[in-house]
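Chains as they are written, first to last, in the numbering used here: chain A, 424 to 673; chain B, 424 to 673.
Misleading hints may appear alongside valid ones.
It does not matter which identical chain is meant; a pair holds if it fits inside one copy or across any two.
In the SDA-like style, the derived pairs of lysine to any residue whose C-alpha atoms are separated by at most 25 Å in a straight line are [claimed, not checked]: (1) Lys498 with Gly438; (2) Lys498 with Ala479; (3) Lys498 with Glu645; (4) Lys498 with Ala428; (5) Lys498 with Asp440; (6) Lys498 with Asp511.
Keep in mind the hints are simulated off the structure, nothing from the lab.
Number of protein chains: 2
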Amino acid sequence: MEVFAVPGLPEIEAGDDVAALIDEQAALRDGDVVCVASTIVSKAEGRAYDLADFEAGHRARAIARRLEGISGDEKDPRFAQAVLEESDELVMTAPFLLTVTRFGHITVNAGIDRSNVPDADLLLLPEDPTASAEAIRQGLSADVSVVVTDTSGRPFRHGQQAVALGWAGMYANRDWRGERDRDGRELGVTVQSVVDELASTANLVTGEGDGGTPVAVVREWEFGDHDGHDLLFRDLESDFVRQALRQWSY
Amino acid sequence: MEVFAVPGLPEIEAGDDVAALIDEQAALRDGDVVCVASTIVSKAEGRAYDLADFEAGHRARAIARRLEGISGDEKDPRFAQAVLEESDELVMTAPFLLTVTRFGHITVNAGIDRSNVPDADLLLLPEDPTASAEAIRQGLSADVSVVVTDTSGRPFRHGQQAVALGWAGMYANRDWRGERDRDGRELGVTVQSVVDELASTANLVTGEGDGGTPVAVVREWEFGDHDGHDLLFRDLESDFVRQALRQWSY
Ligand SMILES: Nc1nc2c(ncn2[C@@H]2O[C@H](COP(=O)(O)OP(=O)(O)O)[C@@H](O)[C@H]2O)c(=O)[nH]1
Ligand SMILES: Nc1nc2c(ncn2[C@@H]2O[C@H](COP(=O)(O)OP(=O)(O)O)[C@@H](O)[C@H]2O)c(=O)[nH]1
Ligand SMILES: [Mn+2]
Ligand SMILES: [Mn+2]
Ligand SMILES: [Mn+2]
Ligand SMILES: [Mn+2]
Numbered sequence: 424m425e426v427f428a429v430p431g432l433p434e435i436e437a438g439d440d441v442a443a444l445i446d447e448q449a450a451l452r453d454g455d456v457v458c459v460a461s462t463i464v465s466k467a468e469g470r471a472y473d474l475a476d477f478e479a480g481h482r483a484r485a486i487a488r489r490l491e492g493i494s495g496d497e498k499d500p501r502f503a504q505a506v507l508e509e510s511d512e513l514v515m516t517a518p519f520l521l522t523v524t525r526f527g528h529i530t531v532n533a534g535i536d537r538s539n540v541p542d543a544d545l546l547l548l549p550e551d552p553t554a555s556a557e558a559i560r561q562g563l564s565a566d567v568s569v570v571v572t573d574t575s576g577r578p579f580r581h582g583q584q585a586v587a588l589g590w591a592g593m594y595a596n597r598d599w600r601g602e603r604d605r606d607g608r609e610l611g612v613t614v615q616s617v618v619d620e621l622a623s624t625a626n627l628v629t630g631e632g633d634g635g636t637p638v639a640v641v642r643e644w645e646f647g648d649h650d651g652h653d654l655l656f657r658d659l660e661s662d663f664v665r666q667a668l669r670q671w672s673y
Numbered sequence: 424m425e426v427f428a429v430p431g432l433p434e435i436e437a438g439d440d441v442a443a444l445i446d447e448q449a450a451l452r453d454g455d456v457v458c459v460a461s462t463i464v465s466k467a468e469g470r471a472y473d474l475a476d477f478e479a480g481h482r483a484r485a486i487a488r489r490l491e492g493i494s495g496d497e498k499d500p501r502f503a504q505a506v507l508e509e510s511d512e513l514v515m516t517a518p519f520l521l522t523v524t525r526f527g528h529i530t531v532n533a534g535i536d537r538s539n540v541p542d543a544d545l546l547l548l549p550e551d552p553t554a555s556a557e558a559i560r561q562g563l564s565a566d567v568s569v570v571v572t573d574t575s576g577r578p579f580r581h582g583q584q585a586v587a588l589g590w591a592g593m594y595a596n597r598d599w600r601g602e603r604d605r606d607g608r609e610l611g612v613t614v615q616s617v618v619d620e621l622a623s624t625a626n627l628v629t630g631e632g633d634g635g636t637p638v639a640v641v642r643e644w645e646f647g648d649h650d651g652h653d654l655l656f657r658d659l660e661s662d663f664v665r666q667a668l669r670q671w672s673y
């Protein structure tokens, strides 16, 4: 399989047609997986805001005060307000804000970015990244899959890694249930999250900085002859870590 | 960048020289990243065991009884014993065993596998995967990096994904601290776990089943001009999820 960053994309602005811009710069082929950093999807969808756009309520002010006390750094309650408005649930409020976004993804600060956002203070994640992926897919000239990605921290391990927020034209996971290992035993690993693995792959060539390469193409990768399904974000009932964090306090 | 599975590897047995076998099948080049599934590292290092090799103590029997009660399936206390012996700490004992391996990785059942292990009941993870990676690297004819990988579950998200257990010839993480985004602001994302992203990339072509492809090569990927560091597994103090899980009970 081959992986390359799409060169020559401009600074994306609200209303831009991301699919058309990608099509101009890359000779896509049927079967490619096009991985798009959520940052440009958000910009195109007009998700850049200023802090002044958020009016901090009681809860946001209390959260910001607490975080300020812990870190010793000034915390803007309007940022906490933006996180609250993007979230369905607060999983942790200290020593940082970990929340469930409205589309089910668990990440710090609801994934709100302050890097690579000119002329605005904040960039919110796309409202519905799977719908965004589908729209980009429909706009591209080849029959491809699309994965909308974001860089995110994770428990247990230092550092961040790209994950999938939304996807179209493919299943999120390869389901190996019912398949066999080399000795004919049923497999222990049953569900491989290929959209997350594709997001990580793309991030190796897009990077986090000023590279200007928010899109990567994975070519000649095959989902293969496996079952698939689209369940990526755990619900509360099957997520023991979320349950534990809800009861925990810093 | 290019990613391909190394074909033609035999069933690996205790004592096999994994590096020599890889060298025979792949024309490696300087700068390649060679990702090796822990399963064959373990086999080569003689980490296959039978349940009969473990004598279940009190604690293992209690754990197995509890898990049996929860799931309704028979649980062998000798398996619980093997997990205990491979672990420094139990993070959760129910509804499944989540532990910290002796080398610091947090995963279910200390990563003990029951798939792709002929002639034995269990395959333990390598004792020191970074030492294994270094030994393989030394044995290869080109100047490459080596990542020893395993498929592992993760909180918040369904399914499994490959991660790095050990690495050699490269840093675990790209450290972006001090670097700037497109607008000259200091970056929000500071540490990119490239070894985990490489492991995920490799897993897209190796798979989980009877493919017989435990090794993948990532070619023409560049770490680039960034700082690096080798801290991958969080310690307890910086791991709030682990702290919360320790206090939680099912
Ligand atoms: N050409 C172009 N590149 C961008 C733009 N915004 C971000 N990037 C690049 O996209 C890549 C990913 O950016 P990042 O901020 O990490 O995105 P995220 O992971 O989705 O939050 C980096 O190489 C950035 O330089 C943009 O508007 N235009
Ligand atoms: N040639 C060969 N392939 C193997 C062997 N053991 C496992 N595999 C293959 O290696 C890949 C990864 O196997 P898996 O059990 O998922 O490894 P893990 O992720 O390290 O636990 C699959 O394609 C297996 O078929 C072996 O001894 N020889
Ligand atoms: Mn982001
Ligand atoms: Mn990023
Ligand atoms: Mn394994
Ligand atoms: Mn695997």
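The hints, checked one at a time:
no. : hint               : verdict
1   : Lys498 with Gly438 : neither (31 Å within a copy, 57 Å between copies)
2   : Lys498 with Ala479 : within (12 Å within a copy, 52 Å between copies)
3   : Lys498 with Glu645 : neither (46 Å within a copy, 37 Å between copies)
4   : Lys498 with Ala428 : neither (36 Å within a copy, 48 Å between copies)
5   : Lys498 with Asp440 : neither (35 Å within a copy, 55 Å between copies)
6   : Lys498 with Asp511 : within (22 Å within a copy, 38 Å between copies)
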